[in-house]
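Protein chains in written order, with UniProt numbering: chain Z, 1 to 467; chain R, 1 to 467; chain V, 1 to 467; chain X, 1 to 467.
Derived by calculation from the structure, the hints in this document are not laboratory data.
Please note that the accuracy of each hint is not assured.
No farther apart than 20 Å at their CA atoms in a straight line, the calculated lysine-lysine pairs in the PhoX-like style are these [unchecked claim]:
| # | chain 1 | residue 1 | chain 2 | residue 2 |
| --- | --- | --- | --- | --- |
| 1 | R | Lys-42 | Z | Lys-460 |
| 2 | X | Lys-131 | X | Lys-42 |
| 3 | V | Lys-460 | X | Lys-131 |
| 4 | R | Lys-218 | V | Lys-397 |
| 5 | Z | Lys-22 | Z | Lys-215 |
| 6 | V | Lys-215 | R | Lys-149 |
| 7 | V | Lys-22 | Z | Lys-313 |
| 8 | R | Lys-460 | Z | Lys-47 |
| 9 | V | Lys-22 | V | Lys-149 |
| 10 | R | Lys-149 | V | Lys-302 |
| 11 | R | Lys-466 | Z | Lys-237 |
| 12 | R | Lys-460 | Z | Lys-42 |
| 13 | R | Lys-202 | R | Lys-265 |
| 14 | X | Lys-460 | V | Lys-302 |
| 15 | Z | Lys-149 | X | Lys-22 |
| 16 | V | Lys-47 | X | Lys-397 |
| 17 | R | Lys-302 | V | Lys-397 |
| 18 | Z | Lys-397 | X | Lys-22 |
There are 4 protein chains.
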Amino acid sequence: MRSKEQYLSSLSDGREVYYRGKRVHNVADHQVLRISALHSAKLYDMKDRIVKDGGEEISAYLKVPRGSGDLLQRHKVIYDHTTACNGIFNISQAIGSDAIFALMVVSAKVDRETGSSYHERVRRFWEYVAKNDLTMATAQTDVKGDRTKRPSQQSDLDMYVRIVERRQDGIVVRGAKAHTTQAAVADEILVIPTRAMTQEDKDFAVAFSVPASTKGLKMIVRPIDEVEGNSSSLLSKVDHEHETLTIFDDVFVPWDRVFMAGEYKYAGALANLFATFHRFTAVSYRASMANLFLGAASLVAKANGIQDARHVKEDLLTILSYKEFLRMSAISAANEPLIDEGVAIPNPLYTNLGKLYTNTHFHEVVKSLIDVAGGIISTMPSEEDLRNPEERDMIFKYLRGAEPGQRRVQLLKLVKELASSSLTGYWLTMMLHAEGSVEASKIALLREYDLREAEEMVEKILDQSKG
Amino acid sequence: MRSKEQYLSSLSDGREVYYRGKRVHNVADHQVLRISALHSAKLYDMKDRIVKDGGEEISAYLKVPRGSGDLLQRHKVIYDHTTACNGIFNISQAIGSDAIFALMVVSAKVDRETGSSYHERVRRFWEYVAKNDLTMATAQTDVKGDRTKRPSQQSDLDMYVRIVERRQDGIVVRGAKAHTTQAAVADEILVIPTRAMTQEDKDFAVAFSVPASTKGLKMIVRPIDEVEGNSSSLLSKVDHEHETLTIFDDVFVPWDRVFMAGEYKYAGALANLFATFHRFTAVSYRASMANLFLGAASLVAKANGIQDARHVKEDLLTILSYKEFLRMSAISAANEPLIDEGVAIPNPLYTNLGKLYTNTHFHEVVKSLIDVAGGIISTMPSEEDLRNPEERDMIFKYLRGAEPGQRRVQLLKLVKELASSSLTGYWLTMMLHAEGSVEASKIALLREYDLREAEEMVEKILDQSKG
Amino acid sequence: MRSKEQYLSSLSDGREVYYRGKRVHNVADHQVLRISALHSAKLYDMKDRIVKDGGEEISAYLKVPRGSGDLLQRHKVIYDHTTACNGIFNISQAIGSDAIFALMVVSAKVDRETGSSYHERVRRFWEYVAKNDLTMATAQTDVKGDRTKRPSQQSDLDMYVRIVERRQDGIVVRGAKAHTTQAAVADEILVIPTRAMTQEDKDFAVAFSVPASTKGLKMIVRPIDEVEGNSSSLLSKVDHEHETLTIFDDVFVPWDRVFMAGEYKYAGALANLFATFHRFTAVSYRASMANLFLGAASLVAKANGIQDARHVKEDLLTILSYKEFLRMSAISAANEPLIDEGVAIPNPLYTNLGKLYTNTHFHEVVKSLIDVAGGIISTMPSEEDLRNPEERDMIFKYLRGAEPGQRRVQLLKLVKELASSSLTGYWLTMMLHAEGSVEASKIALLREYDLREAEEMVEKILDQSKG
Amino acid sequence: MRSKEQYLSSLSDGREVYYRGKRVHNVADHQVLRISALHSAKLYDMKDRIVKDGGEEISAYLKVPRGSGDLLQRHKVIYDHTTACNGIFNISQAIGSDAIFALMVVSAKVDRETGSSYHERVRRFWEYVAKNDLTMATAQTDVKGDRTKRPSQQSDLDMYVRIVERRQDGIVVRGAKAHTTQAAVADEILVIPTRAMTQEDKDFAVAFSVPASTKGLKMIVRPIDEVEGNSSSLLSKVDHEHETLTIFDDVFVPWDRVFMAGEYKYAGALANLFATFHRFTAVSYRASMANLFLGAASLVAKANGIQDARHVKEDLLTILSYKEFLRMSAISAANEPLIDEGVAIPNPLYTNLGKLYTNTHFHEVVKSLIDVAGGIISTMPSEEDLRNPEERDMIFKYLRGAEPGQRRVQLLKLVKELASSSLTGYWLTMMLHAEGSVEASKIALLREYDLREAEEMVEKILDQSKG
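Just chain Z, same shape as in the assembly (with noise of 0.2 Å):
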């Protein structure tokens, strides 16, 4: 299988992407933009990675599931990799399987109906990726402009990814994606729609995967502040990882790598089975996530001498529960999968109650944090102060606490980049909205959900008393 170094050595490949006002000629070697591309390879050096499918070796993200097995496997990797990487989310083949997972079910039905042969392209798409072992993105949140209207009404149509132009050795695609995670180290760029679609709306019914490098396409990456903005990060300086503004400038996609283009009907499905695909991921690496808060809290209340506090107990229940209530809905939502078109897909009610949970619980667990840390942590001398040698005895015999200066202020560097710097506002974001808004996912949640075993309940109940 593929190697760390042939993963990064390939990122010179002349994508355009932009940091910071400036073009990234070569992202593997950019001073900030190489920790998202390490962090990525890491994926290459992780344990048990490598399944057998059918007789082949296959990363373990691309093993098609086929049922409650190879769903709480699926979750076992994503949790165990996440925290093989600092419980950081290592998305390089996860976002993109999740993706493919969901063209594979939903093209079936495309075929069945319209005669088109999307599962066949997609089939072979699956497999160029697996034999090759690549990372992809997965850009889906169009740019949307005004949210009240729909794509085709649009007083700028490019609002969503759209096909300008059909042409007989593929489509032209324009328009821009937001919040694309690790595009610019991906070696593919997978694109599906981002909600259902009228007739009207037919252009914008589109799917597709194009390498990074593809002409037309711009890459603009976030400032990554957690790294450039708090000189007394720990964490953000290993692991972390970037989106990207995605531009799709007049790209050409070849029809091999077309996998809608038009079938408006079935848009909102492939977004929603991409989504539930995805939310399973998402509850899968928040779980491991959670520990870093989890493990903050417990040593920086020792390092405080407070871990007996009757509230410091009561932070640490829920920041655990919040990890736990997110492994719960992992485990039934593999354990009770739909199988469709011979995919098992995880449970969607599991899934989106534990995606719910994460979306608005979060912010609890950093103020958790932050009860148990104390205001020292936004209040602490700088990185630079430390090592001032004038500075640093004094910070360190002030700060000591039930533990000693060096230990007690190198664990309030981690707390503070965890709940008092940037990158706590970035995943307050993050954790709130990525995977889908919390109000689309309620109505979706509701929709779906059957409320006949509990109103046929009460219409018995109702029925005997007539008796």
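For chain Z, the structure is supplied; the task is to place chains R, V and X on it using the hints.
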């Protein structure tokens, strides 16, 4: 197997039951208590109640769980039977088997350490119960007196059930257990300790079982206000369970029914293990019970014509999340059991997280249903008014909603019962306190939680940053 | 001024009251209804009830507020009288004066626009009530039928009280109002619209007052289960209020008691202004009512011996915060009144924030008390058991805590009544729905809120950064 | 009175300030620290800043409150000045006067008991500050070391500021105070104890004031990441405050500036009274600060085109309730002051309820703004990208919403700063911990609360029912 009629006729055995200040001579004939007897009797009509266990037919409740499959099945049986009983738990063999399983595990350990033969007694008792297909009540919670004092420190030593005499043929016990569910209609009353004990508390470390008609055993049933105090009740008139203050007025227990008698070191383990089994039972039945609220909210929303209102959807989501979190807890607990002495124990972490969730969120379920239903559930005319022909038509005329008055009033009666009646008050209390207090559960959960994985992840980051 | 006896004897006036399917001929003599009559009668014994108003002696409730001082005084009177009635609101002159004040303001505006003379009628009615020291019920909430339809769109037009005939000497009204508090023991029944109306709804824009004994007026009282359905109740047997379904079966109202008759543009303003006054009243009485829960929690914690436990302190804080937030709301609303037509209106923002707080947090107050008290409040023996000499001593023996059984049982009876009885269910509903639904209040609050100060602060920062 | 320029030029006084590991020789000229200096300087331009006090002109902050009117005025001044500083508190004379008022009250009591003359010293210090119109920082929170140990039990006695020498002409103090706001740009550093002390802790019961340039006083300023680590920040570049680790390296204080020196019995009273005054200040400024979130949420909702969505309204309500609860707290605290030693103290109950509300709900304010704004605030291109002409137009094109890209991006930059940046992390911590921890506040609030009114109401009901 035993029939409903055999069970009901067996209740006329001279047991000492009090209801509203009067001795009840035959609970199955009593105007009110017969409802809980008939409710328990439904057990004997349940579909899929009998399973094979090593060639023998046995009640599904009494089948000792050996792995995930058995626990998932147990969850399903409890959920389904609750549904068949209109959302009201049928405890008749559930709580007793929870206690037996805990006794099986703990007695094996006691025997191993002390050379006793409790395990064999427990096994024989299990065979006896299984062969005769008996119902059981389990009495755990002592009346406790001053909560700041241990059993042996109480001014009146009878505040915890204790051994007052050890005889050649058995022991004599005294004390009282609070809120024993369905005791007055059970065949056997199983007793286990309520907490960990110290050497001084030796005489309080006692577990045993006696028939409900045993001399000296007195049961005072709580007033069933949900039937007698709400003339418009629909559900409680058909299904409810009662609790008793269960007094052991120097009750003799022969040795073959004594399962612990002084082994204080194991009192805590037994109390906790029973709690784990019983909390797994609790999240299972409560998930079904939640359907009462979910179905009622959905139907009354339609009757009011507000089913599409955003806040109504939020209310439905609150209730369905409550229900499904409980199911997630049960599925996850079954999926990752502990195996001890050959018995599969539901994962205590997931069981307890589910238990805490139901304790602390049930009042929001009630609030959500009230919010959907409207104030009319607390101010509507009485059942007697509906029976007065002069008033009935006026009431139906004016209480119509988006559906006719007759239908809506019938529904409102049930919603009142669920959310604005003495049943509501009773349930709010039960859902918070049954199966152990919130505070105790929180402390236990945190004490048993392994924080090492989380702490190690943080230590690893700290180590890296030193290098 | 009027005496308690004069009030009680006046109730025997032929009013058409139904209770549990029977016509009640004298509410003051009826076994159950007399309790609400005696409760209302307590008004006439209240200390500091009479104040000077321009030389005249007048009930403090009827004094028209002209500034902060009057409103603070009104808050204090309502709080103190609720306290004197054991935490139960005494609505007898409170809600009626809330309506009169609203009518005073709105009628002045209607007169100014339409040349009508409603204001003078309102003023005379106020004089009449004041001189005769009358009690009033205010009927606002129509039964509403299909909630998605306006009054004039209902399939049965009687779903909102309406003018069915306009005569030379007055109007004839038909319809029904839901949950009119203390109507069966009030002197006057004041009617005002429940919502904004459109031109099509003209006939539903009606306000008036009639004596409770007016022909065609029928009142069906809700069942008082908190007395009849809970034999151990202590509080409700002494103080409670009832609600009625109040039916106007073609009731004639002479012009001098008609305060709005078709001026649909002002129906919403009147509904809202009454709501503001009445919500100010509500936060005032509920602050006192909260003391029932606070005192009970504090005393039962001591009786259980757990007053120093951290979670008990958290429970007490929840309850006291609830109480004091309501007081803060009243103090702030009084401190920053709107003056309109010479009348001081409690600040609607602070009033409504307090109102929303009580709606949405009362269930947590109940939960907190339950948490402190323990499960015994729902499973304790009945009052009848306590009266049986055979059982009494056993019960007192075993229900002792850190205090003797007699004391603790007495306290537990009250806690049961507050937190685990039909009264609990009734209150949970009332605290959520009385004085308008949560959803309507939220929408109104946001609509009326002036966001400009906040928006301007942000625009200023944006402007600065452009410079 | 003093001018802005006089204040700024006075800062060049040799004070020992460190920033990012370097000694800062003139804070008013330092690239970053000048921002907090200029922020403080805004004080001198404030409208209505000067009031009459007994014929003298005096800064409104220094006017000793004598009743409700003064406190309401103080609330208004703080609120208005915060608004004038773009929602950022201007602490320059606020916290110092909070400390002086507390010292005035407590010193009078100490003098009365011990015959000391602290009160006169405090009065003269107040005159000095008032006449010279000085700014002050107040250093209260000691670094504390092991939180389980009292000051005199610490392994290193310097964990709480203490008297190391008592000389004829004054005292010498050693130790460090954490997070002293605006210390590096203040004229005077006021020191008061952080907690109650016992006899053993006598040397830690110390209060005094010294000029910021006093020998031995070292101030290490926290890194201002909200400016240096977020290139798109709009607000922090104009207004922010800093905190210092404030080290007393054997600092001499002459007797006339010593306000407590060993009177350990009063240390707790002084700490608490200062906290009460300062929390009143805090709820006042935070109410204005909340406008940043409210205005930003309202404007970004419009820019996104979602201002009418139900969940957006819910978010706005969350933020406005937060703001207005704080105002209710301040108004109520001002309205019911305690008068002690002639000084009006804001009602501690209402002050502390407001303080606890802001501690425990600020994270929901942040979450609400994030919910309205969308994930783009964490993934948008950097300020540097916006300055690159090649990228700018693309970015504005694709980041338009219901309003043009230029406008929306400007707004998103501010929202990012508020809700998804290092400022967010800093504020989350500050809002939870500033002015005392949640746990300590809860315990204090409950300890001081008079439960008797509530208990008596319950006892009365119990008594009635016995009769």
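Hint-by-hint comparison with the structure:
no. : hint                   : verdict
1   : R:Lys-42 to Z:Lys-460  : holds, 16 Å
2   : X:Lys-131 to X:Lys-42  : holds, 19 Å
3   : V:Lys-460 to X:Lys-131 : violated, 34 Å
4   : R:Lys-218 to V:Lys-397 : holds, 14 Å
5   : Z:Lys-22 to Z:Lys-215  : holds, 18 Å
6   : V:Lys-215 to R:Lys-149 : violated, 66 Å
7   : V:Lys-22 to Z:Lys-313  : violated, 58 Å
8   : R:Lys-460 to Z:Lys-47  : holds, 17 Å
9   : V:Lys-22 to V:Lys-149  : violated, 34 Å
10  : R:Lys-149 to V:Lys-302 : holds, 14 Å
11  : R:Lys-466 to Z:Lys-237 : holds, 13 Å
12  : R:Lys-460 to Z:Lys-42  : holds, 16 Å
13  : R:Lys-202 to R:Lys-265 : holds, 9 Å
14  : X:Lys-460 to V:Lys-302 : holds, 17 Å
15  : Z:Lys-149 to X:Lys-22  : violated, 54 Å
16  : V:Lys-47 to X:Lys-397  : violated, 71 Å
17  : R:Lys-302 to V:Lys-397 : violated, 51 Å
18  : Z:Lys-397 to X:Lys-22  : holds, 19 Å
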